[in-house]
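The task is simple: from the sequences and hints, build the whole structure.
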Amino acid sequence: MRNIKNLILAGGILATAVAVSSCDSGRKATTADGTEYKYIKEGSKAPNNGEYVLYHFTAENENDSTFISSYEQHAPAYLQYNDSAQAQTGIDEIFMNLKKGDSILVETTAEKMFGGFGVPPFLTAEEIIRLRIGVVDVLDEAAFQDFFTAMAEEQQERQARESMQQTETDIQLIEEYIAENNLNANRTESGLFYVIEEEGSGKEVSAGDMAKVHYTGYVLDGRVFDTSRENIAREQGIYSEGRGGYEPIEVQVGAGRVIQGWDEGLQLLRKGSKAKLLIPSPLAYGSRQASEVIAPNSVLVFDVEITDVK
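Under numbering that gives the first Met the number 0, think of the first position of the sequence shown as 0, with each following residue one higher.
Worth double-checking, as some hints may not be accurate.
DEER-style ranges, computed between Cβ atoms [claimed, not checked]: (1) E179 to G243: 30 to 38 Å; (2) S205 to E71: 34 to 42 Å; (3) G49 to E188: 43 to 51 Å; (4) G207 to A45: 52 to 60 Å; (5) T187 to G207: 18 to 26 Å.
Calculated directly from the structure, the hints in this document are not laboratory data.
Cβ atoms here follow ideal geometry from the backbone N, Cα and C, with glycine treated the same way.
Right under this line is the structure:
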């Protein structure tokens with residue numbers, strides 16, 4: 000297996016070179032459609048048919064604001080070289096001719112950059128875009144599979160570390176919320192907090208059960224983002240005529256069809272229970288922007304009532 004750290008380091012070095020090198024150095028070239036680009040550093044190893052070209056890239060608008068970058072994904076982009084493919088645009092031509100070690104700067108209009116895909120709404124067609132490309136490596140099929148297997152393992156480890164750190168941060172926020180609101184809460188090993196507000200007397204909820212749940216969900220500042228109760232929806236200004244009625248939703252518990260905090264929290268209850276679930280973001284939507292109210296890394300609070308269990 001190839002050394003993933005060496006490849007990642009190579010990508011970082013190329014990124015630095017592309018970012019800080021002077022635009023007045025290197026060979027200039029022009030594609031068939033007139034797209035101009037410049038080699039900050041020119042590589043030598045061209046791919047053979049079927050090999051994979053791994054590269055990092057960033058794209059900036061006229062205000063030097065980066066609007067897309069492969070570095071945010073913690074992995075290089077890639078393409079499989081096909082010696083019979085035909086370039087449709089100048090950008091295609093540049094990518095089809097990448098070599099190991101290339102560091103390239105492309106400055107062209109957004110219209111030429113995006114071609115038939117259409118210019119994104121936050122750009123104008125004539126706006127000048129700077130695309131910086133750094134080729135990390137050229138790999139055959141076996142080496143490519145090894146690389147991405149190792150990359151996936153590294154990403155899983157990184158995500159686990161980040162999740163643990165975020166959980167610790169969220170637990171502190173939840174504990175402060177509990178103290179401020181004088182709640183009698185319990186905590187599970189995962190970091191989920193729950194308050195039994197009314198103990199039910201019916202069947203306990205277990206994995207695989209179908210549970211009907213009335214709920215209201217909000218963030219720590221009290222803003223409600225969803226509810227199954229019509230009166231609360233109207234009070235909070237989130238009532239929707241097209242919803243098709245406000246009533247308990249049916250959930251198959253423990254099947255991964257709802258957020259992890261629900262799958263775990265509902266199994267702490269029974270039919271008739273009313274409870275408050277305080278869910279750290281890794282057990283909810285994590286770093287995703289799930290809605291206008293649910294920002295990345297949001298702690299979620301749910302008031303729930305189990306109305307039925309089957």
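For each hint, the structure was consulted:
Between E179 and G243 the Cβ separation comes to about 37 Å, which falls inside the hinted range of 30 to 38 Å. Checking the proposed 34 to 42 Å range against S205 and E71 shows it holds: the Cβ atoms sit about 40 Å from each other. The given range of 43 to 51 Å is respected by G49 and E188, whose C-beta atoms sit roughly 48 Å from each other. For the hinted restraint 52 to 60 Å between G207 and A45, the CB-CB distance of approximately 56 Å keeps it satisfied.
Evaluation of the 18 to 26 Å hint for T187 and G207 yields a pass: the beta carbon distance comes to about 19 Å.
Going down the numbered hints, you'll see the structure goes against none, and every one checks out.
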